[in-house]
Amino acid sequence: MPETNEKIYICRCEEVTKEEIEQAIKDGATTLSGIKKRTHAGMGLCQGRTCQRLIAGILSKEREMAQILPPTIRPPVRTALIADFIKED
Amino acid sequence: MNQKADVVVIGGGVIGTAITFYLSQRGQKVILIEKNDLASGASGACDQDIILQSKNPGIHLQLALASSQMYKTLEKELDYDIEYENTGGMILIETPEELKIMEDFVNRQKALGLQVEILNYKEALRYQRGLSNHLVGSTYSPQDAHVNPIRLNLGFAQAARRYGAEILLETEITKIKVKNNQIEGLETNRGTIYTPVIINAAGAWAPSIGRMIGLKIPIKPRRGQIVITEPVPPFVMGDVLSARYIVAKYNPELYNNSESAAVKLGVGLSLSQTRKGNILIGATREFAGYDITNTRTGIKEILKNATRLIPELKEMNIIRAIAGLRPYTPDGLPLLGPVNGLNGFYLAAGHEGDGIALAPITGKIIADLITDGKTFMDVTALSPNRFLM
Chain A
1 MPETNEKIYI
11 CRCEEVTKEE
21 IEQAIKDGAT
31 TLSGIKKRTH
41 AGMGLCQGRT
51 CQRLIAGILS
61 KEREMAQILP
71 PTIRPPVRTA
81 LIADFIKED
Chain B
1 MNQKADVVVI
11 GGGVIGTAIT
21 FYLSQRGQKV
31 ILIEKNDLAS
41 GASGACDQDI
51 ILQSKNPGIH
61 LQLALASSQM
71 YKTLEKELDY
81 DIEYENTGGM
91 ILIETPEELK
101 IMEDFVNRQK
111 ALGLQVEILN
121 YKEALRYQRG
131 LSNHLVGSTY
141 SPQDAHVNPI
151 RLNLGFAQAA
161 RRYGAEILLE
171 TEITKIKVKN
181 NQIEGLETNR
191 GTIYTPVIIN
201 AAGAWAPSIG
211 RMIGLKIPIK
221 PRRGQIVITE
231 PVPPFVMGDV
241 LSARYIVAKY
251 NPELYNNSES
261 AAVKLGVGLS
271 LSQTRKGNIL
281 IGATREFAGY
291 DITNTRTGIK
301 EILKNATRLI
311 PELKEMNIIR
321 AIAGLRPYTP
331 DGLPLLGPVN
341 GLNGFYLAAG
351 HEGDGIALAP
361 ITGKIIADLI
371 TDGKTFMDVT
381 ALSPNRFLM
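Chains as they are written, first to last, in the numbering used here: chain A, 1 to 89; chain B, 1 to 389.
The set of hints was computed from the structure by calculation and includes no laboratory data.
For clarity, every value in this text was computed on a predicted model and none was experimentally measured.
Hints are not guaranteed to be accurate.
[To be verified] Beta-carbon label-pair distances, calculated as ranges:
no., chain 1, residue 1, chain 2, residue 2, range
1, B, Thr73, A, Arg78, 25 to 31 Å
2, A, Lys61, B, Lys4, 29 to 35 Å
3, B, Tyr194, A, Ala66, 31 to 37 Å
4, B, Asn133, A, Glu15, 36 to 42 Å
C-beta atoms are modelled at their ideal positions from N, C-alpha and C, and glycine is treated no differently.
Put together the whole structure using the sequences plus the hints.
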């Protein structure tokens, strides 16, 4: 990542910067879920589809890539209208 | 690495971190041990309610009232934004039978000092728009509030550290050392800690800690699934529950004969909106062991129930579902206090769905009991010995 004085946004949905993610790691986060809970990165509309790899990259400076587990996978796979979800099968 | 502490707290959820904060504030040297991460269990997968109205009039409501008082100054004490808001709350009533039960419930709550009233359908609409016209009415209390549970958990931990507490994450206990019925310390994958006092605040996992010393703790994991919408403009007035949730909790016989999926899953409405605008729609109450997956039926029944009460929700999109394990106890009350016959071993677990509401008061009570040997109210009814004797 280029060195710059400007903020680098990692999670665009929740507007979480690289600096905030590094701070979360300093505060004790060692997993993607831990970073998510401390910064909200990955909690937005896209649910981490864009930022998860970038965050794993930042975390890999502290922890072996092979040890970084994916965060809990939860439904829905993509944004879903409630009206559609409750239709009878 | 060997260490020494006045107190070791097991569990890094809201309960464990609250206890660690209040004890550290009083100058105790506390080490908190957490197997995974802060907020990695139920505290990171729950709704945000500090709802008083749902509490059974009795010691449960007394605890909640005392806790809600503490919440008013907590943000300042922790010096951390926990997104606390005193929003008020309501419980939606669908049938005349529910109304009767709720009238009695509300009267008994009033007698204990809760500000709460029954509203008719028209009055209820003034607080929450979009209510289905089949509703009979609702309750309303200005005292209900909410808080971001993850921020609360992190805030307690950070403030406790400022007072000197040490928080060991990803640390697993392998043995609890007892000599002549007195706690001596414990062994972890990171070394031995010598301490005369251990507090088991491991929530739904408290029984596995108990088993290490031969204690049979009657806590069971009860899964609560919650569905989360995209951020939307302000829509939910505060904490909105349904009377079915209360009736199912305290008068389950009313629904016992039902074969519906919703009843089997223990679905009851719990609705609130976060500061960012996401609506949390809950929840189920199911016994599914330690399985924290979301189920299609669970999500569907939650949404069917919520849209039956507030049809406008149908137009919103969901982005996520979560599930957490609430620590259920047979009588619905937490297990708080020392364990007879095992000097230095305390329990602070079993809050089921009330851990967020009761975290501050639990922290205070345990800190009182450990530093002064007594607390400000009679907590005999909460003693773990009611099950362990």
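Hint-by-hint comparison with the structure:
1. B/Thr73 / A/Arg78: 25 to 31 Å: 42 Å, violated
2. A/Lys61 / B/Lys4: 29 to 35 Å: Since A/Lys61 and B/Lys4 have Cβ atoms about 33 Å apart, the given range 29 to 35 Å holds.
3. B/Tyr194 / A/Ala66: 31 to 37 Å: Distance hint for B/Tyr194, A/Ala66 holds at roughly 36 Å.
4. B/Asn133 / A/Glu15: 36 to 42 Å: With a Cβ separation near 40 Å, B/Asn133 and A/Glu15 satisfy 36 to 42 Å, so the hint holds.
Violation of the numbered hints given earlier is confined to hint 1; every other hint is satisfied by the structure.
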